[in-house]
Amino acid sequence: MRLKTIKFAFIKSIPVCAGYIFLGMGFGILLRNAGYGVIWAFCMSLFIYAGVMQYVGVNLLASNASIITTAVTTFMVNARHLFYSIAMIARYSDTNKYNPYLYYGLTDETYSLLCDCEIPEGLDKGEYLFYVTLFNHSYWILGGVLGNILGSVLPFSFSGVEFSMTAIFVASFTEQWLNNKDHLPAITGIVSTLTCLIIFGRDNFLIPAMLIITAVLLIFGKKRGEL
Amino acid sequence: MIKSILIIATMSIVTMFTRLFPSLVFKKNVPPVLSYLGNVLPASIVAMLTVYCLKDIDITTSPFGAPEFISIICVMIIQIWKRNSLMSILFGTIIYMVLIRTIT
Chain A
1 MRLKTIKFAF
11 IKSIPVCAGY
21 IFLGMGFGIL
31 LRNAGYGVIW
41 AFCMSLFIYA
51 GVMQYVGVNL
61 LASNASIITT
71 AVTTFMVNAR
81 HLFYSIAMIA
91 RYSDTNKYNP
101 YLYYGLTDET
111 YSLLCDCEIP
121 EGLDKGEYLF
131 YVTLFNHSYW
141 ILGGVLGNIL
151 GSVLPFSFSG
161 VEFSMTAIFV
171 ASFTEQWLNN
181 KDHLPAITGI
191 VSTLTCLIIF
201 GRDNFLIPAM
211 LIITAVLLIF
221 GKKRGEL
Chain B
1 MIKSILIIAT
11 MSIVTMFTRL
21 FPSLVFKKNV
31 PPVLSYLGNV
41 LPASIVAMLT
51 VYCLKDIDIT
61 TSPFGAPEFI
71 SIICVMIIQI
81 WKRNSLMSIL
91 FGTIIYMVLI
101 RTIT
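As you go down the protein sequences, you meet chains A and B in turn. The numbering of the first sequence is the working numbering, which starts it at 1 and goes up by one. The numbering of the second sequence is the working numbering, which starts it at 1 and goes up by one.
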């Protein structure tokens, strides 16, 4: 039973594997160049476990940033997770002891992998979601550690593997489009984000995009009487 | 050394906060407005993240984001055809890796 759960969870997590190991390695190399060894890479990937934030974190460490700056920056970069958590409250209910870790490991990729997936028949939902999250977390840590150790001595160029991240989102988007009759949320997402990208520039558009998406969805919800 | 540990601890705690806070506040009774958002937000957020991944493409200079756009269309076609995420992600990524080495 448990073995079967682990097997299904592993298969589910494979798309994240290549992307996380590659991106994790990028982080590990960056951290090494900033003068931090493998223990640091391991601890950061274990405890922070947020891709973009750890890249930013290398800069914070290198520039010896203040704690306040660190806290504010982290909040700005990761505020989107508030939205993922809200979206997952129903999904992650009745997962019992696994519940805190599921939220702890709710990254962009884990979110899009799990937000609409079906639980294979006969498996315990909490346990399945837990192992998918745990596998993803392990890939990320592995990548960070490998990158930090191996540095730039790799024999083969893996450049382009990072596209698997984009592919995860595109596949998830397509699948949701096929499953949902109502395409308003998807269209709202694209239009709002593109608009914010043009207005706010590529470094600052995520938070405004989320606020606008939420506002638009609430307005439409009210209009259609779904609220 | 201690300062570095403090910086990492701060990043960890704030990140954890953004992920756990909503679930701690709305443990039992999810307000209707949030359960509505929980239903519609996933599709919007995935759309948003897709755009986010493409933010660094420069469409004004060659190859005009062609590898990305071709690969994305391949992912979509395979997904619609096979309904298998693993397959569409795998082939899409391979196609992309080939394209960036051939298209310039």
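Keep in mind that the hints were calculated from the coordinates and are not lab data. Remember, it's a predicted structure, so these values are computed and weren't measured experimentally. Mixed in with the good hints there might be a few duds.
[To be verified] List of simulated lysine to aspartate or glutamate pairs, DMTMM-like, C-alpha gap at most 20 Å:
no., chain 1, residue 1, chain 2, residue 2
1, B, 55, A, 203
2, B, 82, A, 175
3, A, 7, A, 118
4, A, 223, A, 162
5, B, 27, A, 94
6, A, 4, A, 124
7, B, 55, A, 182
8, A, 4, A, 175
9, B, 82, A, 203
10, B, 82, A, 116
| said: Need the list of violated hint numbers for this structure, in ascending order. | reply: Per hint list: 4, 7, 8 and 9 violated.
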